[in-house]
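Trainee: Sequence:
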Amino acid sequence: MGSIPDPGELTELTRPSFDEFQRQTSLMTSCTLLWKELSDHFTSLEQNLQKKSEALKHKIQTLDNQTKASLASLKKREVTIDGSVEIALERVEEHRELALKSLSDPDYENPDGEVDDGDGSFMVLKSLCLTMESRDFWNFVITKKKEIEILRKQIPLALAECVDPAKFVIEAISEVFPVDKRGERSGEKGNDLGWACVLILESLIPVVVDPVIGKSRLLVTPTVKERAKEIAETWKKSLEERGGIENVKTPDVHTFLQHLVTFGIVKKDDVDLYRKLVVGSAWRKQMPKLAVSLGLGDKMPDMIEELISRGQQLDAVHFTYEVGLVDKFPPVPLLKAFLKDAKKAAASVLEDPENTGRAAHLAARKEQSALRAVIKCVEDYKLESRFPPENLKKRLEQLEKAKTEKKRPAAVPANKRTRASNGGPMPPAKAGRLTNAYVSSFPAPPTFVRSPSHTQYPTGVPAYPSPPAVYGSRSPPSPYAYSPEAAAPIAGSYPGAPLNYPAYGGYGNGFAPAYQQAYYR
Numbered sequence: 003m004g005s006i007p008d009p010g011e012l013t014e015l016t017r018p019s020f021d022e023f024q025r026q027t028s029l030m031t032s033c034t035l036l037w038k039e040l041s042d043h044f045t046s047l048e049q050n051l052q053k054k055s056e057a058l059k060h061k062i063q064t065l066d067n068q069t070k071a072s073l074a075s076l077k078k079r080e081v082t083i084d085g086s087v088e089i090a091l092e093r094v095e096e097h098r099e100l101a102l103k104s105l106s107d108p109d110y111e112n113p114d115g116e117v118d119d120g121d122g123s124f125m126v127l128k129s130l131c132l133t134m135e136s137r138d139f140w141n142f143v144i145t146k147k148k149e150i151e152i153l154r155k156q157i158p159l160a161l162a163e164c165v166d167p168a169k170f171v172i173e174a175i176s177e178v179f180p181v182d183k184r185g186e187r188s189g190e191k192g193n194d195l196g197w198a199c200v201l202i203l204e205s206l207i208p209v210v211v212d213p214v215i216g217k218s219r220l221l222v223t224p225t226v227k228e229r230a231k232e233i234a235e236t237w238k239k240s241l242e243e244r245g246g247i248e249n250v251k252t253p254d255v256h257t258f259l260q261h262l263v264t265f266g267i268v269k270k271d272d273v274d275l276y277r278k279l280v281v282g283s284a285w286r287k288q289m290p291k292l293a294v295s296l297g298l299g300d301k302m303p304d305m306i307e308e309l310i311s312r313g314q315q316l317d318a319v320h321f322t323y324e325v326g327l328v329d330k331f332p333p334v335p336l337l338k339a340f341l342k343d344a345k346k347a348a349a350s351v352l353e354d355p356e357n358t359g360r361a362a363h364l365a366a367r368k369e370q371s372a373l374r375a376v377i378k379c380v381e382d383y384k385l386e387s388r389f390p391p392e393n394l395k396k397r398l399e400q401l402e403k404a405k406t407e408k409k410r411p412a413a414v415p416a417n418k419r420t421r422a423s424n425g426g427p428m429p430p431a432k433a434g435r436l437t438n439a440y441v442s443s444f445p446a447p448p449t450f451v452r453s454p455s456h457t458q459y460p461t462g463v464p465a466y467p468s469p470p471a472v473y474g475s476r477s478p479p480s481p482y483a484y485s486p487e488a489a490a491p492i493a494g495s496y497p498g499a500p501l502n503y504p505a506y507g508g509y510g511n512g513f514a515p516a517y518q519q520a521y522y523r
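Here the sequence shown stands for residues 3 to 523, numbered as in my numbering.
If you are wondering where the hints come from, they were derived from the structure by calculation, not from laboratory data.
Check the hints yourself; a few may be wrong.
Straight line, CA to CA, 25 Å or less: simulated DSS-like cross-link-like pairs of lysine-lysine [claimed, not checked]:
| # | residue 1 | residue 2 |
| --- | --- | --- |
| 1 | Lys227 | Lys270 |
| 2 | Lys405 | Lys345 |
| 3 | Lys342 | Lys403 |
| 4 | Lys338 | Lys251 |
| 5 | Lys395 | Lys405 |
| 6 | Lys330 | Lys291 |
| 7 | Lys231 | Lys338 |
| 8 | Lys291 | Lys231 |
| 9 | Lys287 | Lys147 |
| 10 | Lys38 | Lys61 |
| 11 | Lys301 | Lys330 |
| 12 | Lys270 | Lys61 |
| 13 | Lys169 | Lys155 |
| 14 | Lys155 | Lys61 |
Label pairs and their calculated CB-CB ranges [what the hints assert, rightly or not]:
| # | residue 1 | residue 2 | range |
| --- | --- | --- | --- |
| 15 | Ile62 | Val181 | 47 to 53 Å |
| 16 | Lys269 | Val81 | 25 to 31 Å |
| 17 | Lys346 | Gly282 | 19 to 25 Å |
C-beta: ideal position from N, C-alpha, C; glycine also.
My request is simple: use the sequences and hints to build the entire structure.
Mentor: See below:
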């Protein structure tokens, strides 16, 4: 048996090793780091939960406010129905009486003493609306394209005289929308009348808005609204027959979208279709506003990025200002990128072997159009402080000066007499006795320069050869043997027509009054 050690007896203590001490130290350090990591993790979770809780409270508050606003709006709409219907019935009765008087008395017109400042056009429009003669109304409008600004003011006033203006408008534009019913004779079907459809549809909006609560309710009868929906469906079905969205003309797209907004028949299920149509016709002036009215506000950032990727930076600038995304998409870099792309396009035209004869002319036209568009955009949005247009204007003047100098004719010899009455060269004395001595005494006709078109790149018109100065014993040619558009002015001739360039966004139909500057893609 082993002996039991005496408690009072001193025993040798085991000395702790240094490795054990390091192990304990490392363990304590690991525990400390783990505790700190767990503490930070739980603190982060607590903060995230707090943020989510605040976000949920904000959303609940927003929904409550929206619910209260919706209930208030519904209550207001319900309360105002009787008043709006009463006003509408009074208008219908008044217009019915006026229409009957107009039909019974052909000389009955202008009972309110209204002043017609459009050479009688307003009275014609008003009379046609009173009698609901939609076909004659349409035929009258399409003949007044040059007076579109006057019509823009007169048509809403005239439509207000209709017994049922919404139905009247649908019948008026039915000749070309949703399907063009014109025949192929005389090229009628190729004549674009989309400008007239858009003009009439836009003019209908102030006529059908509720007189009490405004645009939130349109005074369109259920029958007419259902017919408008059928027309929209017919147009969408016709897309397949036309070869898809890519092959649809921009005026048709514009008319369709305006039709949806005017009659309040926008469908959420067709938002993707609306987006494609808007992007495909983004150069139209009204497209940014139409996009918002079509419910595309949430998709606008993606649409702007798509426009930028397609090289349509100028269109992207208009969309950014419409929806207030200027901070996210600064306009100045976009305008500079647009000019850079335009210069590259002009350089590629110069290198095109198929256009060697007119490459310089086409390249200059491209660059000029881009410069005018950017200058107009800078002025419209007051960007002069961030993007001074002086250098752009100087470059534009240089291009125009070079174009003018290139077209300048050769100087007339000093020994040629000139006729004082018209400035034309006078043949020398005894010209009939000399051979090769004839000089035409007719003045050169003025030069006409066409403005560039926004829809496609301009095509240069080859110059006609200048008539020779002498003709021997042959009779001189007719003074009209050469096209007046191609003849260059000579010294002393009548001045050519001034260069009038349209504002950005022009459609070739004179429709939009603002920032309609032609530019190139």
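Trainee: Confirm or reject each hint.
Mentor: Hints versus structure:
1. Lys227 x Lys270: The hint holds at about 17 Å.
2. Lys405 x Lys345: Between Lys405 and Lys345 the Cα gap is close to 17 Å, so the pair holds against 25 Å.
3. Lys342 x Lys403: Cα-Cα ~22 Å, so holds.
4. Lys338 x Lys251: Given that 25 Å is the threshold and the Cα spacing comes to 29 Å, the pair is violated.
5. Lys395 x Lys405: holds, 15 Å
6. Lys330 x Lys291: Measuring from Cα to Cα gives roughly 19 Å; hence the hint holds.
7. Lys231 x Lys338: violated, 43 Å
8. Lys291 x Lys231: Within the cut-off at roughly 21 Å; holds.
9. Lys287 x Lys147: The given pair, whose Cα atoms are some 18 Å apart, holds under the 25 Å limit.
10. Lys38 x Lys61: violated, 34 Å
11. Lys301 x Lys330: Distance of about 14 Å is within 25 Å: holds.
12. Lys270 x Lys61: Within the cut-off at roughly 23 Å; holds.
13. Lys169 x Lys155: holds, 20 Å
14. Lys155 x Lys61: violated, 44 Å
15. Ile62 x Val181: 47 to 53 Å: Holds, since Ile62 and Val181 (Cβ atoms, about 49 Å apart) stay within the stated range.
16. Lys269 x Val81: 25 to 31 Å: Holds, since Lys269 and Val81 (Cβ atoms, about 29 Å apart) stay within the stated range.
17. Lys346 x Gly282: 19 to 25 Å: holds, 23 Å
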